[in-house]
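Colleague: Construct all of the structure, not just a fragment, from the sequences and the given hints.
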Amino acid sequence: MTIDIIDLTQPEYSNLSPVQLAMVRVAQGKKDKLTAEAEEEKREYVYQLIANHTYESSTRTMGERAIDAKLTADVDVVREDLLYQLAYEALGSEGNENGPYRYPENPNYNLSVSQRFLVVRQYYMDITDDPQARIRAYAMDTLARTYLGEYYQTLYDLLASYC
19 MTIDIIDLTQ PEYSNLSPVQ LAMVRVAQGK KDKLTAEAEE EKREYVYQLI ANHTYESSTR
79 TMGERAIDAK LTADVDVVRE DLLYQLAYEA LGSEGNENGP YRYPENPNYN LSVSQRFLVV
139 RQYYMDITDD PQARIRAYAM DTLARTYLGE YYQTLYDLLA SYC
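Read in our numbering, the sequence shown has 115 at position 97, and its numbers run on one by one without any break.
If you're looking for bench data, these hints aren't it; they were derived computationally from the structure.
All clues given are correct.
Straight-line Cα separation of at most 27 angstroms, BS3-like style, residue types lysine-lysine; simulated pairs:
#1 Lys60 with Lys48
#2 Lys49 with Lys60
#3 Lys49 with Lys88
#4 Lys48 with Lys88
#5 Lys60 with Lys88
#6 Lys88 with Lys51
Taking CB as the label site, the calculated pair distances span:
#7 Leu176 with Ala84: 43 to 53 angstroms
#8 Ala151 with Lys51: 37 to 47 angstroms
#9 Gln28 with Gln66: 40 to 50 angstroms
#10 Pro122 with Ala40: 17 to 27 angstroms
Remember, predicted model here, so these are calculated numbers, not experimental data.
Every residue, glycine too, gets a C-beta built ideally from N, C-alpha and C.
Modeller: This is the structure:
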(Lines of atoms letter the chains of each structure in order from A and count residues from 1; the text may use other names and numbers.)
(Lines give C-alpha, C1' and ligand atoms only; values in the text may rest on other atoms or scores of the structure.)
Protein backbone atom coordinates (compact mmCIF):
# COMPACT_ATOMS: atom_id res chain seq x y z
CA MET A 1 0.00 0.00 0.00
CA THR A 2 1.37 3.38 -0.99
CA ILE A 3 0.79 5.94 1.73
CA ASP A 4 0.00 9.35 0.24
CA ILE A 5 -2.84 10.56 2.46
CA ILE A 6 -0.33 12.65 4.44
CA ASP A 7 3.23 13.68 3.72
CA LEU A 8 5.68 12.33 6.26
CA THR A 9 9.36 11.58 5.86
CA GLN A 10 10.69 8.10 6.61
CA PRO A 11 11.99 9.14 10.07
CA GLU A 12 8.59 10.63 10.89
CA TYR A 13 6.88 7.37 9.90
CA SER A 14 9.37 5.46 12.04
CA ASN A 15 8.38 7.53 15.06
CA LEU A 16 4.69 6.66 14.75
CA SER A 17 3.31 4.21 17.29
CA PRO A 18 1.58 1.01 16.11
CA VAL A 19 -1.77 2.63 16.86
CA GLN A 20 -0.88 5.71 14.80
CA LEU A 21 0.34 3.52 11.93
CA ALA A 22 -2.97 1.68 11.98
CA MET A 23 -4.77 5.02 11.82
CA VAL A 24 -2.70 6.05 8.79
CA ARG A 25 -3.41 2.76 7.02
CA VAL A 26 -7.16 3.01 7.66
CA ALA A 27 -7.22 6.59 6.36
CA GLN A 28 -5.21 5.57 3.28
CA GLY A 29 -7.68 2.76 2.65
CA LYS A 30 -10.56 5.24 2.83
CA LYS A 31 -8.77 7.57 0.41
CA ASP A 32 -8.07 4.72 -2.02
CA LYS A 33 -11.72 3.65 -1.88
CA LEU A 34 -12.94 7.21 -2.51
CA THR A 35 -10.54 7.56 -5.43
CA ALA A 36 -11.68 4.29 -6.99
CA GLU A 37 -15.33 5.30 -6.58
CA ALA A 38 -14.64 8.68 -8.22
CA GLU A 39 -12.90 7.00 -11.16
CA GLU A 40 -15.83 4.64 -11.58
CA GLU A 41 -18.25 7.57 -11.41
CA LYS A 42 -16.24 9.38 -14.11
CA ARG A 43 -16.24 6.28 -16.29
CA GLU A 44 -20.02 5.88 -15.97
CA TYR A 45 -20.47 9.59 -16.67
CA VAL A 46 -18.42 9.33 -19.88
CA TYR A 47 -20.41 6.27 -20.99
CA GLN A 48 -23.63 8.19 -20.39
CA LEU A 49 -22.35 11.13 -22.44
CA ILE A 50 -21.33 8.81 -25.28
CA ALA A 51 -24.76 7.18 -25.22
CA ASN A 52 -26.37 10.63 -25.47
CA HIS A 53 -23.92 11.77 -28.20
CA THR A 54 -22.65 14.65 -26.04
CA TYR A 55 -19.13 13.44 -25.27
CA GLU A 56 -17.36 16.30 -27.05
CA SER A 57 -19.35 18.98 -25.22
CA SER A 58 -18.23 21.17 -22.36
CA THR A 59 -20.60 19.19 -20.17
CA ARG A 60 -18.00 16.41 -19.95
CA THR A 61 -15.33 18.75 -18.63
CA MET A 62 -17.66 20.36 -16.11
CA GLY A 63 -18.95 16.99 -14.92
CA GLU A 64 -15.46 15.57 -14.47
CA ARG A 65 -14.37 18.71 -12.60
CA ALA A 66 -17.37 18.36 -10.29
CA ILE A 67 -16.47 14.74 -9.56
CA ASP A 68 -12.82 15.72 -8.93
CA ALA A 69 -13.88 18.57 -6.64
CA LYS A 70 -16.10 16.23 -4.61
CA LEU A 71 -13.23 13.72 -4.38
CA THR A 72 -10.84 16.41 -3.19
CA ALA A 73 -13.31 17.59 -0.55
CA ASP A 74 -13.94 14.03 0.67
CA VAL A 75 -10.19 13.24 0.82
CA ASP A 76 -9.59 16.49 2.71
CA VAL A 77 -12.15 15.42 5.31
CA VAL A 78 -10.40 12.05 5.71
CA ARG A 79 -6.98 13.77 5.91
CA GLU A 80 -8.13 16.30 8.52
CA ASP A 81 -9.72 13.53 10.57
CA LEU A 82 -6.48 11.54 10.41
CA LEU A 83 -4.41 14.53 11.48
CA TYR A 84 -6.80 15.14 14.37
CA GLN A 85 -6.61 11.48 15.42
CA LEU A 86 -2.81 11.49 15.23
CA ALA A 87 -2.61 14.67 17.32
CA TYR A 88 -5.10 13.31 19.86
CA GLU A 89 -3.23 10.00 20.04
CA ALA A 90 0.05 11.85 20.57
CA LEU A 91 -1.51 13.77 23.45
CA GLY A 92 -3.08 10.63 24.87
CA SER A 93 0.14 8.69 24.64
CA GLU A 94 1.94 11.06 26.97
CA GLY A 95 0.43 9.57 30.09
CA ASN A 96 -1.49 10.51 33.21
CA GLU A 97 -0.79 11.06 36.91
CA ASN A 98 0.61 7.50 37.10
CA GLY A 99 3.28 8.28 34.52
CA PRO A 100 3.61 7.64 30.78
CA TYR A 101 1.19 5.17 29.23
CA ARG A 102 2.78 1.80 28.78
CA TYR A 103 1.25 -1.63 28.87
CA PRO A 104 1.07 -3.34 31.42
CA GLU A 105 2.49 -0.83 33.95
CA ASN A 106 0.09 2.02 33.11
CA PRO A 107 -2.39 0.98 30.38
CA ASN A 108 -4.18 3.66 28.40
CA TYR A 109 -7.92 3.17 28.84
CA ASN A 110 -8.64 6.08 26.48
CA LEU A 111 -7.79 3.86 23.50
CA SER A 112 -10.43 2.00 21.55
CA VAL A 113 -10.48 -1.77 22.00
CA SER A 114 -8.87 -2.32 18.59
CA GLN A 115 -6.09 0.12 19.48
CA ARG A 116 -5.60 -1.67 22.81
CA PHE A 117 -5.32 -4.91 20.84
CA LEU A 118 -2.44 -3.44 18.81
CA VAL A 119 -0.67 -2.15 21.92
CA VAL A 120 -0.89 -5.49 23.74
CA ARG A 121 0.12 -7.43 20.62
CA GLN A 122 3.15 -5.20 20.17
CA TYR A 123 4.06 -5.64 23.84
CA TYR A 124 4.05 -9.42 23.57
CA MET A 125 5.87 -9.42 20.26
CA ASP A 126 8.62 -7.28 21.80
CA ILE A 127 9.15 -9.15 25.08
CA THR A 128 10.46 -12.37 23.55
CA ASP A 129 11.16 -14.07 20.25
CA ASP A 130 10.08 -17.47 21.61
CA PRO A 131 6.44 -18.04 20.54
CA GLN A 132 5.87 -20.67 23.27
CA ALA A 133 7.06 -18.33 26.03
CA ARG A 134 5.00 -15.53 24.52
CA ILE A 135 1.77 -17.54 24.58
CA ARG A 136 2.43 -18.78 28.15
CA ALA A 137 3.02 -15.24 29.38
CA TYR A 138 -0.09 -14.00 27.63
CA ALA A 139 -2.21 -16.82 29.08
CA MET A 140 -1.20 -15.74 32.59
CA ASP A 141 -1.92 -12.04 31.94
CA THR A 142 -5.10 -11.27 33.89
CA LEU A 143 -4.97 -7.57 33.01
CA ALA A 144 -5.21 -8.40 29.30
CA ARG A 145 -8.51 -10.23 29.87
CA THR A 146 -10.21 -7.10 31.18
CA TYR A 147 -8.21 -4.60 29.10
CA LEU A 148 -8.99 -6.32 25.78
CA GLY A 149 -12.42 -7.75 26.55
CA GLU A 150 -13.71 -9.69 23.55
CA TYR A 151 -10.40 -9.21 21.72
CA TYR A 152 -8.51 -11.28 24.32
CA GLN A 153 -9.29 -14.57 22.59
CA THR A 154 -8.50 -13.11 19.18
CA LEU A 155 -5.03 -12.10 20.32
CA TYR A 156 -4.56 -15.48 22.01
CA ASP A 157 -5.39 -17.21 18.73
CA LEU A 158 -3.01 -14.92 16.84
CA LEU A 159 -0.15 -15.59 19.26
CA ALA A 160 -0.92 -19.33 19.18
CA SER A 161 -0.69 -19.29 15.39
CA TYR A 162 3.02 -18.38 15.69
CA CYS A 163 3.71 -21.61 17.62
